[in-house]
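Produce the entire structure from the sequences given, and follow the hints as far as they go.
Quick note, in the numbering used here, the sequence shown goes up one by one and the last residue is 753.
Keep in mind that a hint or two might mislead.
Stated by the list, open to error - Using 25 Å as the maximum straight-line C-alpha spacing, the simulated DSS-like pairs for lysine-lysine come out as follows: (1) 179 x 135; (2) 190 x 325; (3) 316 x 574; (4) 749 x 592; (5) 122 x 217; (6) 487 x 519; (7) 234 x 285; (8) 134 x 729; (9) 108 x 729; (10) 122 x 218; (11) 331 x 217; (12) 338 x 316; (13) 234 x 154; (14) 706 x 689; (15) 110 x 150; (16) 282 x 190; (17) 234 x 574; (18) 689 x 242; (19) 600 x 746; (20) 234 x 190; (21) 102 x 487; (22) 513 x 108; (23) 190 x 218.
Quick caveat, the hints were computed from the structure, so don't treat them as lab data.
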Amino acid sequence: MESIKIDDLLKFKFLSGVAASPSGKKAAFLVKQACRKKNGYDSWVYIVDFGTKEVRKLTSFGAETLLSFDSEDALLFASSRKHEDRPEKNQEKTVFYRLPLQGGEAVRAFELPYSVGSIKKMDDGVYVFSAVVDLNKPSEEEKLKEYQDYHILEELPYWENGAYFVSRFRNSLFLFDENAGGAEKIRKVTEDLFAVDGFRTEGDAIVYTGAAYDRLLPKTKGLYSYNKKTGETKTLVEPDKLRIGLFDCAGDRIVFAGSAMDHHGSGQYPDIYVWENGHTDFAARFGHSVGSVPTSDIMLGGGEKFLACGQKAYFTACVGTRGELYRYENGAVEKAFDFDGAIDCFAACEGGFVFVGRTPGKLQELYLYHEESGVCEQLTHINEAAFDGKYVGELHDAGFTDSDGVHIDGWVILPKDYDPNKKYPAILDMHGGPRVAFGTTLFHEMQTFAGNGYFVFLCNPRGADGRDDDFADLRGKYGTVDFKDFMEFTDHVLKLYPAIDEKRLGVTGGSYGGWMTNWIIGHTDRFAAAVSQRSFSNWLSDFGCSEIGFSFDVDENGGKTPWTAPKELWERSPVAYADKAKTPTLFIHSLKDYNCPLSEGMQMFAALKYHGVPSKAFLFEGENHELSRSGKPLHRMRRLSEMTAWFDKYLKGLDD
98 MESIKIDDLL
108 KFKFLSGVAA
118 SPSGKKAAFL
128 VKQACRKKNG
138 YDSWVYIVDF
148 GTKEVRKLTS
158 FGAETLLSFD
168 SEDALLFASS
178 RKHEDRPEKN
188 QEKTVFYRLP
198 LQGGEAVRAF
208 ELPYSVGSIK
218 KMDDGVYVFS
228 AVVDLNKPSE
238 EEKLKEYQDY
248 HILEELPYWE
258 NGAYFVSRFR
268 NSLFLFDENA
278 GGAEKIRKVT
288 EDLFAVDGFR
298 TEGDAIVYTG
308 AAYDRLLPKT
318 KGLYSYNKKT
328 GETKTLVEPD
338 KLRIGLFDCA
348 GDRIVFAGSA
358 MDHHGSGQYP
368 DIYVWENGHT
378 DFAARFGHSV
388 GSVPTSDIML
398 GGGEKFLACG
408 QKAYFTACVG
418 TRGELYRYEN
428 GAVEKAFDFD
438 GAIDCFAACE
448 GGFVFVGRTP
458 GKLQELYLYH
468 EESGVCEQLT
478 HINEAAFDGK
488 YVGELHDAGF
498 TDSDGVHIDG
508 WVILPKDYDP
518 NKKYPAILDM
528 HGGPRVAFGT
538 TLFHEMQTFA
548 GNGYFVFLCN
558 PRGADGRDDD
568 FADLRGKYGT
578 VDFKDFMEFT
588 DHVLKLYPAI
598 DEKRLGVTGG
608 SYGGWMTNWI
618 IGHTDRFAAA
628 VSQRSFSNWL
638 SDFGCSEIGF
648 SFDVDENGGK
658 TPWTAPKELW
668 ERSPVAYADK
678 AKTPTLFIHS
688 LKDYNCPLSE
698 GMQMFAALKY
708 HGVPSKAFLF
718 EGENHELSRS
728 GKPLHRMRRL
738 SEMTAWFDKY
748 LKGLDD
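Now the structure itself:
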C-alpha cells in the first residue's frame, strides 16, 4: 500500500456550487481539478438527473464559473472561451453563456462590463448581479494611465487579503435587462458608499444586506429591499442593530442569522430572526455558528449554505465535530438529518436536498437526501479512484478532559506501517480561527505527514468552533487556556501512544494556528521543530497592518488598543518572548496576505535569527492567506514539500 503523496493533489476533484433546476428534478454543479501545466484549476459543469441517477459532464473547456439554471432546460455560466471574452489590460468584463440541456453547444448570451461576483435571475432576460466598484477610478481616459501610479487611502480596511488596496472599493448591486437598450440596460441599485454583503431576489424585490460607510467598515449591517419596478429602496432592519449574516426570502418573509454581539463580542454566535409584515422578531436561539463547516484543505469553491423554504429555513452548521444541515421551524432549530462528515453546500430539490459532502477518509462527492425515507444516497463517485491502493490514516479518537474539567475533542492519525514496538516522530497540527474546528473528515496535509512516517495529532482547544459561545470566547485569553489545552493534549497523546518519541515532536499551524506556534516556541522547548504559517505575532503592529486589525484585534483583546493598553498587548504578543525560543522554525508566508500581513511573520523570523535560533522564511509570490486551500497547485505542493523537509531535517535527522 502506497502513501498519500503531495502531488496526489493533482488527482483531487473539488465539487461546489450545486444548484437545483426549477422543478427540482435535476441539479448542476461545478467540478474543479488542479492542472500542473497551467498551474491553476480547470472548472467544468456537471449535471445529475435524480430520476435516472445519470451524471454527465456537460462542458470540456475548463473555465466555467458562476453556474445557475436559466430555465428548466438551460444553464447559465460565466466563461472566457474566446479571445474576445477576456478583458484587456485595465478593463473589466464578464461574459456569460447559455447551455441548452436538450443538446447543442453553449451560446454566448451577454457581456457585462464588470468583474461579476454573483448573479441571480429575476425574470426572463432580467438579472441582478454584484461587482466591486473602485470609486477612486477616474472616468476620463487621459487620467486613467496616471491613476495606475498611485493609491488613495481614506478608510479602514485600506487593503484586503489577495486584493491589494481597497479603500473606497465597494461591492455594489446592479440590475441588468438583457433586452433593454441604452442607459436602461444596466442600472445601479446601491448607492456609491454602500458595501453589499449578500443579496436575494423575491418577485420584484432585490433583498440585500450591508452598510454604507466612509471611515471604518462597520460590524453591524442593515437589511434592505429594492423594488425593480418602482426603483424604491426600503430599510427593513436598521444598519446599527445587528451583525447580520446569512439570510433568505420565502414570499414576504425573510429569515436571517443575526448577532447582537452583546455577550461574547464580534464572534458571538448568531440567533435566528424573522422579518415579516414590517417587523423583525427574534425567532430562535441556536448557540452555534451558522453556515460553517469543519475545516479542510480538500474544498475549493463556494455554494449555498442558507435557504428559506416556506415556513422553514435550512442552513449548514458546525456542531461538535460534524458539519450538518439544520432546520429552523416554529421557533426552534433542530438537525434536519444525520450525516457523518461535513456538508459543504446544498440545494433544495424535489423530495429533499442535494449536497456536496465529505465523509471520513474520503474526498468530496454529491449526495441526495430523501426527506420521506430519511435515506442519504451517494450520487457521484468522481473521487473514488483517487486513493486506490493508498494508505488513508484513520482519525482515532483522543478526546480528553483538561485540568479545568473541560472536554476537548482530539484525534490521532497513525503513521503508515505503524508498529507499536518502534519509535516515531509526531506533529501537532493546529487550526486557524480561533473559531474554526477540525472534524473527522480528511486533510491532505495531515495524510502526507502520516504517509511519511509521522504520528499526527490534532484537537479543538478552547476558542474553537463547534461548541457554545462560552467555549469559543477567547477574548483576552490568547496564550492561556488554549495553550494549556494544547500542552495537556500533547501529554495525553504521549500517554496514549508510547511509540511516539517525545524528543522528536513537531508543531505547526496557520493563521491563529501560526500565532499559537509562535507563542509555543517562546514558552516551551518541548518541540524539536516548528512550522509557523501565515502567522501574526505582535498585537501592536497587527492593529495597523492587518485588514482586520482595527476590528478583530480590538475585539479579541477585550476592547484594548495600542493606545489604551500598550504594555498588556505587548505581553500578549508572541514576538515578546522570541528571545526565549530555541526551537528551529520555518516561517511560511504569502506576499499578498493582508489578513496576517507579511510583517507579522517577518518580525518573528527576524527575532529568531537575531537570537541565533535556526530559522528560515519561505515566501510565496502572488499568493494570499488562502495558499493552503486555494493557492496555485505548484505552490500548494511546494508548501507541503518545504514543511516536510523541515520536519524531516529536525525530527528525522535528514538533510535538505
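Hints not upheld, ascending by number: Result: hints 13 and 17 break, sorted rising.
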